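> Those protein sequence lines, which keep their order, are chains A and B.
At position 89 of the first sequence (counting the first as 1) the number is 89 in the UniProt record's numbering, and the numbers step up by one without a gap.
At position 177 of the second sequence (counting the first as 1) the number is 177 in the UniProt record's numbering, and the numbers step up by one without a gap.
The hints are simulated quantities; they were obtained by calculation from the structure and are not laboratory data.
Since we're looking at a predicted model, the values are computed, not measured.
Note that the Cβ used here is the ideal one computed from N, Cα and C, for glycine as well.
Accuracy of the hints is not assured; some may be wrong.
[Unchecked claim] Partial chain B-side listing against chain A, Cβ under 8 Å, derived:
#1 Pro62
#2 Pro188
#3 Ala201
[Said to hold, decoys possible] Among chain B residues calculated to face chain A with C-beta under 10 Å, some are:
#4 Phe58
#5 Asp134
#6 Pro138
#7 Gly142
#8 Gly143
#9 Asn145
#10 Ser147
#11 Ala205
#12 Thr386
#13 Arg390
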Amino acid sequence: MTHPLSPPPRKDPQKRSVSPTRPPEVRSRAALHLTAAAAEGRFALQRCADCGKVQYPPRDACSACLSTDLPWQDMAPGGTLIAETTVQTSPRLYFRERMPWRAGTVQLDDGPTVLAHIHGDVARHARVRITARLDQSGQGVLVALPETDTPNMEDDPLMRALSADPKHRRVLITDARSAQASALARALQKAGAAIIFAGEPESWRPYPQRAELEALGVQILPMDVTDTASVQKLAGEIGGKTDILINTARFLRPGGVLDRGDTGFARDELEVNYLGLMRLAQAFGPGMCARAADGVNAAAAWVNLLSVGALSNARPFGAYSASQAGAYSLSQSLRAEFRPSGLRVMNVFFGPTEEDDWYQPLPPPRVTAYALARSVVDGLQRGLEDVWCGDIAQDLRDRFRRDPKVLEREMTLGGEGA
Amino acid sequence: MARPASYEGVALVAPFSTPYQRYSIDTAHHWIATALRGSLRAAGLKPADLDGFQVASFTLFPDTAVGLTQHLGLCPRWLDHIPMGGASAGVALRRAARAVQAGDAEIIACVAGDTNHIDSFRQLLSSFSRFAMDASYPYGYGGPNASFALLTDRYMTEYGATREDFGRICVAQRANALKNPNAVMKKPLTMEQYLDARPIADPIALFDCVMPCAGAEAFLVMSEDRAQSLNLPYARLAAAIERHNAHADDPIQLRGGWTMDVDVLWDQAGMGPQEMDLVQTYDDYPVISMMQIEDLGFCAKGDGPAFLRDKGLTVAGDFPHNTSGGQLSGGQAGAAGGFIGMVEAIRQVTGQADGTQVPGAERALVSGFGMINFDRGLCSSAAVLTSGARA
């Protein structure tokens, strides 16, 4: 059984923050497919299309028949730990700082033998479940977990490093006015978040969720993502204790190009959805990166809530989709910029929401704030990079992957006119 | 498998080992040149007399054997670079012997050497192989220590070997090393010290591991006629095998490629394991020495621990093993680790081993093992040497 994590003590301001170090990042191109699957929480390996042999490590040709057709497939997680070691010394700083480190050889039920990190609750020679996670270099690694869950297993230091679990962490929800803010606060609280902050623009304007947030004990602080000074002011106050940032700020209006008479709404969309993200990142990003190895409540993740229209323009929210595409692209830049610190960027994609009034004319299904909040927390707990919340987001993801041009054509049909 | 053609008429001469250094500010080129010069001097030859050159090294980058010809002023008509680490000597010998038999070259220098700077072991690891980069280093970055710890763990589980069984190999080799002035290790080692040593990657502890260092090893391959006309002591090559990526479907490595070729080896040699006067195994970790002793036919699979329990493994014992101290006590100078046993065996059967000489040694088995590409060593080699002319 894993010893439950205790809340970390108050940070000694005289102490230097530990600089983030990283496990090895370099991989072959083939191996990045393991990372891509892990980014969504899947454990996939190559299976030869011609002879069926499962390959490991990732290859460019089948080791049984030399076929180069090696599609990636989800694997059964079962396996047996056949050998193990506890590494006590390593030339790599990241592991040296975390010694001793347990690793072992697992024979998969699906065939190959893999090297994996071993969870502390796994017994010698035991049956295990293999899962793929992203490590602090953002690369996919295999972890052998006990065959059935054990108490507090997510509190194992290994699992803390392979996740952005909200437990004992301090979370900033950037826009308290978001229709999803109170559901998020509730889910985070349930997941053990230590403190929840929420930024509040235009404090003079009342809104129904405020009472609910207050009742949950959320600390509501003034911040408007369209106002650089206010973002910097709040970062100055709480940036040093923001471990997870969830950007809920969103400006949403229907309309494409010709539906609107001018660029007024488009300007607002960019100010909030694109430049707002940039302002937040410029104010909070550097401090979070510096605290990415700061113990139990190290800064762990940056979360963007993005419309799945970011992938392919979704009418009738054409101009809004464009701003989301901008934010999505910017999030990829953020990923690259945060990567050296180990700070994760998690994008949660979703379709039309239940609680936002502007989606009222659209048919179901819609994503509820509750479902979205649950996806965010689950993604943080599993250390994911990409989360697809709800049927519409998953449907568009699959169609985009099948053929982006076909999807674009379907999304831009002119309708049966005269 | 048909018996390969004989290696008759081939002579191995002029074994030379540089003293090893823990850290060196010099380059691999420096160490290789030093060993080459030492070997040529021992044979009374000049660089211009060489027409074949073969090198094994990890730290020559960005050079290869090609760059070395210009760097060292050599003009060979036969050139070879062997990237096979611990298996390189056996492989080198096979190729060089055939080249001499066929007349492609008359005098071939076989050299292995590496330098060791403060950070070079870490850098070597970081670019060792694609599979290691993708599937081994991200898991604790224990390098070969962790890889061999897993094999050792499985071997102990499977065959009931104990740490004392491995300790016996290490302790005896230290005793041998104390008779070899070139060895890095200078202090005696007791079983108690072995067992109490600091853990490195369980079940492997400090004295199961080699000390990375700088150094080089060399010998020459030529015809027996040439060796005789130069009046040089020489060894003969009775048999040699190599194999790569054997038993790929074994879930973990408990045997090496030797098992596929061991019958050919002894058949070609015309003798058996019991007739060996000494054995040089590749000993980057003692479990691998144990595996070689089993896989090369000295005892059955899994009987290694019991077989060695009542053997004397020192120079004076009834089963002289890694007589110069091997890598475990001599040090591992990169690719020279693949040559240390071969060069010592040539000294032994030619009566030139000085302090580590096994009295009257005439027949030696030398075995090699190399290149943990992902989870196991891929290359194996072995050779049987006999006395040609003694010093």
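> Hint Gly143/B vs chain A: min CB-CB distance below 10 Å?
7 Å, holds
> Any CB of chain A closer than 10 Å to the CB of Pro138/B?
5 Å, holds
> Was the hint right that Asn145/B lines chain A, CB cutoff 10 Å?
7 Å, holds
> For the hint on Ala205/B, just tell me whether its beta-carbon gets within less than 10 Å of chain A.
9 Å, holds
> Given Pro188/B was flagged as interface, is its beta-carbon under 8 Å from a beta-carbon of chain A?
24 Å, violated
> Classify the hint on Gly142/B as holds or violated, based on whether any CB of chain A lies nearer than 10 Å to its CB.
4 Å, holds
> Double-check Phe58/B for me: the hint is only fine if its C-beta lies closer than 10 Å to a C-beta in chain A.
Violated, about 15 Å.
> Could you check if Pro62/B really has its C-beta closer than 8 Å to a C-beta on chain A?
19 Å, violated
> Mind checking the CB of Ala201/B against every CB in chain A and telling me if the closest is under 8 Å?
5 Å, holds
> Checking hints one by one. Is Arg390/B an interface residue toward chain A, by the C-beta closer than 10 Å rule?
This hint is violated: Arg390/B lies away from chain A, its Cβ roughly 45 Å from the closest one there, beyond 10 Å.
> Tell me if Ser147/B is really an interface residue toward chain A, meaning its C-beta lies closer than 10 Å to one of theirs.
Where the cut-off is 10 Å and the nearest Cβ of chain A is about 9 Å from Ser147/B, the hint holds.
> Does the nearest C-beta of chain A fall within a distance shorter than 10 Å of the C-beta of Thr386/B?
39 Å, violated
Of the hints listed earlier, those the structure fails to meet are numbers 1, 2, 4, 12, 13, in rising order.
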